[in-house]
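> Chain residues, written in single-letter form:
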Amino acid sequence: MKNLPLLFCGIFFALAFSFTGLILSSNIQIGSLNQTTQSLNENGNNIAGETLYPLKTAGLAKQGKQVYIEMGCIYCHTQQVRRQGFGADYERNWGPRQSVARDYIMQDRVLLGTMRRGPDLMHVGGRPLNADWHHLHLYNPQITSKGSNMPPFAFLYETHKIEGEPSPDALKFPPNSEYGPEEGYEIVPTRDAEALVEYLLSLKLDYSLPEAQIVE
Amino acid sequence: MDTAPQSNSQIANPYSSKDAAVRAELSEIDASIRSSALFFTVSAIFWLLAGTVFALITAYKAHEPAFMADGAWSTFGRMRSAHLNAMALGWGNNIIFAIGLWIMARLCRAPIRHGGMLTIAGIFWNVGLTIGIGGIIAGDITSVEWLEIPHYATPLLAISYALIGVWGIVAFKFRKGEHVYVSQWYILAALFWFPWLYVIAQVMIIWFPARGVVQSVTNWWFAHNVLGLWLTPMALATAYYLIPKVLGRPIYSYYLSVLGFWALAIFYNWAGVHHLIGGPIPVWLISAGIVASVMMVIPVIVVGLNHHMSVVGLHKEVWRSPTLRFTVFGAISYTLVSLIGSSMAVRSVNEITHFTDFTVGHAHHGVYAFFSMIMFGGVYYMMPRLLKREWPSATLIKLHFWGSAVGISVMLFALHVTGWIQGLEMNNPDISMLEVVQNSIPWLKARTVSGVLLTFAHVAFAVNFFWMLFAAGAVRAKQGPTLLDSSSKEGAA
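Just so you know, the protein sequences line up as chains B and Y, in that order.
So the mapping is simple: the working numbering equals the position in the first sequence, first residue as 1, plus 40.
So the mapping is simple: the working numbering equals the position in the second sequence, first residue as 1, plus 5.
Computed Cβ-Cβ distance ranges for the label pairs, DEER-style:
no. : chain 1 : residue 1 : chain 2 : residue 2 : range
1   : Y       : Asn433    : B       : Lys212    : 28 to 38 Å
2   : B       : Arg123    : Y       : Asn444    : 18 to 28 Å
3   : Y       : Ser348    : B       : Lys212    : 45 to 55 Å
4   : B       : Gly187    : Y       : Arg394    : 47 to 57 Å
5   : B       : Gly71     : Y       : Arg352    : 18 to 28 Å
Only part of the chain B face toward chain Y is listed, based on derived beta-carbon distances under 7 Å:
no. : residue
6   : Leu55
7   : Asn67
8   : Gly112
9   : Tyr115
10  : Ser139
11  : Ala141
12  : Arg156
13  : Ser185
Just so you know, these hints were derived from the structure itself, not from any lab.
For every residue, glycine included, the Cβ atom is placed at its ideal position computed from N, Cα and C.
All chains should be modelled from the sequences, with the hints used to inform the complete structure.
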């Protein structure tokens, strides 16, 4: 090749083209999305007085998201529900509807994920799993899900000698569990574990959006 | 492209000339880049070994979750990310800086000036990377795929990259001769594309996060293009350089080279969105990604054909040369991995393979079986010319080749099969997620076995390399190239 201006222009415009087409245009399209009420009035505006969705993650749950990031949960768990008929996300009760771009606009870091070594977590807070279950599962997944290859996060918990009253936060092991503490000891979550569980419980796709209604 | 080259053989000839003056010129160029290329190669091999250790830990943890589970630092997500970054930015980038810049300097027939500065920039790159991977393990991981390195290390990486990449462009500016060879197009383009991708991704995801899933689109535009516009062009440039050099005959077709280059440049950079098929982003973006992914068949077939026709009839020479045995393995893998990749972008296939180990297998098919194998070939070719001494042991080269070839084949088989099964089972809600996981365990164990084979291969490579580098007298005195077939002593390695 001898035509160097063509070479340089080609190299530049090849990437400029996809940068414009994929990044800038999606920034225009998605960047203009705002919070909205679950349905719109006849003029296409938000209905006054109703809650705006999606909600922003705040407080302890927000700290929990940071723990989720630091532990690399994203490498085995997605946070996206595919539409009915494409995969079995809906049938597995991973969410009552598909997730759409607007569901993520309040997130500083979007954790869609691309690997499902475990279930999707977009709606994990809406499933019948309480904080006690989550703590046991995080402490050692074998307690609640025998045979899982999820690593235990026991380092997020502390073992204490019971002095006086047992702690109300102590993990509630099933009777005679081989993973339970010794007699006279209890296992309590650290603040990181409390925050992580709070975050997991806050993950809910239980609201409708004008473009994605939950069909009962 | 305005004029057809007179004859490809005349173009290729100056670099494999028997003419003493031309050889002297090449020797001078090699001398100018020797210390920095050696520094990058040594760094690359250290990262390769470190990345292999992280990989073994990760692979073992995937089926033995209680292994090394006592501390946050060694949890699966961090070990996996340390592996990815050590391999991509440690092994991959360092070996590109070594071989890519060396090839660029040789083809431009321009000695590298102030090579010491290049080495200093390289030291900063590796310091930045060490801080970055230390940060991942310490818990500052960003959980953004392919961009896990924490924000305090990335500016150092970006600046030192800029200082390194500019050397290739400077060499190009001071080139001699009219014609620009295909390897130079690829290297020039990649040196320019990588910083653009990296800086945009850092700014839009980490520094000033874009709204919602724009981050995800940017993430996959970046991550897929690290493969497509950085590792791939560098490996193709290396293959385009090595095949004619070792075989002593030109690349089959100039026009196929041109077509392959431009088709890659135009299509590859749109393809990344296929990682978001079924995801919460506008459908037209995904469709654009699918179309581009399928269009990638064109450059892949063209390049595959061009490489195949360049080696056809000389299979014995290919098998005998350490360089070409690795390079041709890589070139064949390029065709296979790309065709599989294009089909994975089709919605009905993606519905099964998405979110499974099939993708993990595919990534290793590309980065290892294609990119790394060609780069191994490049190291086997470059080192004797930089050091003016031969590889000490043909046996170690064979161990490296067979460990790598069998290891990666076992891994790809295991991950593709288990990924496909996982996909089918996950799409069947009657099978619980726990069963899906348990059915994959035997295959994940096979993956660990493949990792052990790859470890042997990398150790053999490293031993041979350092033996050569700190050569004992016996190696220095060795005459003739180290070939993999003792019956014949002629030809280039």
